[in-house]
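K.L.:
Let's have the full structure, built from the sequences with the hints guiding it.
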Amino acid sequence: MHLSDRITGLFLALLGALAAWGGSRLPGVPGQEIGPAVFPMVVGIGLVLCGVMIAFGIGHSFEEEEVDEISKAPGLAAHLGRFRGAAALAPPALLLFYVFAADRLGFLLTAFVVVLAGSLAMGARFRLALPLAIAAPLLVHLVFYKLLRVPLPEGLLAAPWA
Amino acid sequence: MSQLLEAFRLVGAPDVLIAILASSIYGLVVGSLPGLSATMATALLVPVTFYLSPIAAVATIIAASAMAIFSGDIPGCLLRIPGTPASAAYTDEAYAMTRKGQAELALGAGLWFSAVGGIVGTLSLVLMAPLLAEMALSFSTFEYFWLAFLGLMCATLVARSSPIKAIASMLIGLLVSCIGIENPAGTPRFTFGITDLLGGIEPIPALVGVFAVSEVMRAMTLAEPPPMPRRKFGSILAGQWALTKRYQWPMWRGNIVGIIIGVLPGAGADMAAWVSYAMSKRFSREPEKFGTGHPEGLVEAGASNNASLASGWVPSLLFGIPGDTITAIAIGVLYMKGLNPGPTLFTERASSMYALYIIFILANIIMIPLGIAMIRIASLVLRAPRAAVMPVIVLLCAVGSFATGNNLFSVLLVGVFGVIGFVMERNGYPVAAMVLGIVMGTMVEQNFVTSLIKSDGDPLPFFERPVSAVLAAMTFAALLWPAGVWIARRLRRSAPAL
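Protein sequences appear in the order of chains E and V. Everything in the first sequence is counted per our numbering, starting at 630 for the first residue and increasing by one. Everything in the second sequence is counted per our numbering, starting at 7 for the first residue and increasing by one.
Please keep in mind that the hints were generated in silico from the structure rather than gathered at the bench. One or more of the hints may lead you astray.
[To be verified] Below, computed lysine to aspartate or glutamate pairings styled on EDC-like, alpha-carbon distance capped at 20 Å:
1) V:460 x E:662
2) V:251 x V:110
3) E:775 x V:21
4) V:343 x V:110
5) V:106 x V:292
The structure presented is a predicted model; accordingly, all values stated were derived computationally and were not measured.
P.N.:
Written as structure tokens, this is what we have:
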């Protein structure tokens, strides 16, 4: 996901402009000039300035050249070939899955899927991933549900101590 | 005196002692695993602190962060992979010592001077905080505004990237903090009709996402580090006293530089280590030996990063302005536990403050035996395959952020901030600056708007009070510093051409 400074700079300038515009439309406090609009406008204008400067490459001389970090990673990244950078999206995808599945499937089943998929995606063999995906959710559930009393959803499969 | 006795009673409570021991072991293990930083260790601890007594909660953070900063040296020394960013400055040096057959000396120096740095840093906290507290009592919103602004500028000044990108990161953080109804008029701002956004974005999911999830994302695209060869270690602490005597002056310099960098808002242990290592090389009598396995830089930088850890608590406790990313998390915990940061903390809750000092000293003392044990079993811990550790981290991110509010929306936020952090890091935008913006945004806005209302929109009163004028001058100096450096560089480059 290495983007040029021109793209990120312009994106920031656009974001800043939107923030300043959105901020300026906020309703004020009656009888007073300074309200909730001031701060987003200041920040937004600052972002526009920074974004434009970045797009023109000002301050670039302070940066250290980034080495392209992607190296031969096992698992999902190896299967994706040319798009192996996309493997980085697996962890947030697993979190998204957790958000949508936790209440329906329950914690244990969701966590099983998250750990199993995550472990396999990082190149683990089934021999490691399967026992891990069974043990880790149970342990996490024990600590968070029993000791810390976090109301983890029960769903389809309840833990023996729940 | 009775306050001090009370403090000892508070620390001596069994739950506090167990919390210190358990979080020390946790910190040592997490810090030693490459890719898992001290900040991440602390962020994942927060949900646990909800369920502890105030002193025990603060103790877990202090102990875990101190241990993690030390144990980051272990894989750096043995595998040439820093366990935490704070060890990155001298990883090559330590690894060169290992190749020369001096692994014990290098690891011992990391441990011994970490403990020394931690204790000296604590003493600075003990001395400095009450003095500054007296001064801070007379501060008005103008001073607080400049102080917070100066803190944000310092964070951008020390970032190892383009200062403009650092400022942009910080502004993104401030923009994130605008979300919600916590603003001067109480109107929903940038919530886009989403109810979950009304309460604003909590710093914890943002921190966990930026520091933990994005780290796992990076690991997805990198090859697994090589396994560590099994080895037996000799005595760890032998020779450390000789090093202490020989490099006494660099050690003190490291301590002092660490303390100063720690106090500066926003700059933390990794910055302290880089600056101290560079300083050690510049002032050394034998700079040619640096990089070939010379312990001098190790002594200075190892002391420095741990010293900065303790002094980072000074601005956090006094003003609620984080000294580094770890104390940025700690401030949230302090508020939650009723220990609201501010100068009155030192008068009204003096015993709690003494207890905090005692915990710091205690953590740095037990670091030595626990650290030796950790070094001995390091080859076992470092054998844990990444494919087993990282998925569990993802699960802990989900459960931990869920536990902060029993709300699945924060799990979603963790994922979103993971992606934001990953993309920013890849393109040279320092994420620590954004995190500070998020943490301090509400405070900056509140003091800015209150000051503006007081002055009726006139900028002059911002500079009228003596302390605020000084702070304003420092802020502008920080703002103009990169431009000055740039011009100086230009002049130097064009001079030989003439």
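K.L.:
Now look at each hint and say whether the structure bears it out.
P.N.:
Do the hints match the structure? See the list:
Restraint check: the Cα-Cα separation between residue 460 of chain V and residue 662 of chain E comes to about 12 Å, which is no more than 20 Å; the hinted pair holds. Distance hint between residue 251 of chain V and residue 110 of chain V is fulfilled; the C-alpha atoms sit about 18 Å from each other, no more than 20 Å. With a C-alpha separation of about 17 Å, the suggested pair residue 775 of chain E and residue 21 of chain V falls inside the 20 Å cut-off, and the hint holds. For the given pair, residue 343 of chain V sits about 41 Å from residue 110 of chain V by alpha-carbon distance, which is inconsistent with the 20 Å threshold.
Of the supplied pair hints, the one linking residue 106 of chain V and residue 292 of chain V holds, its CA atoms being roughly 18 Å apart against a limit of 20 Å.
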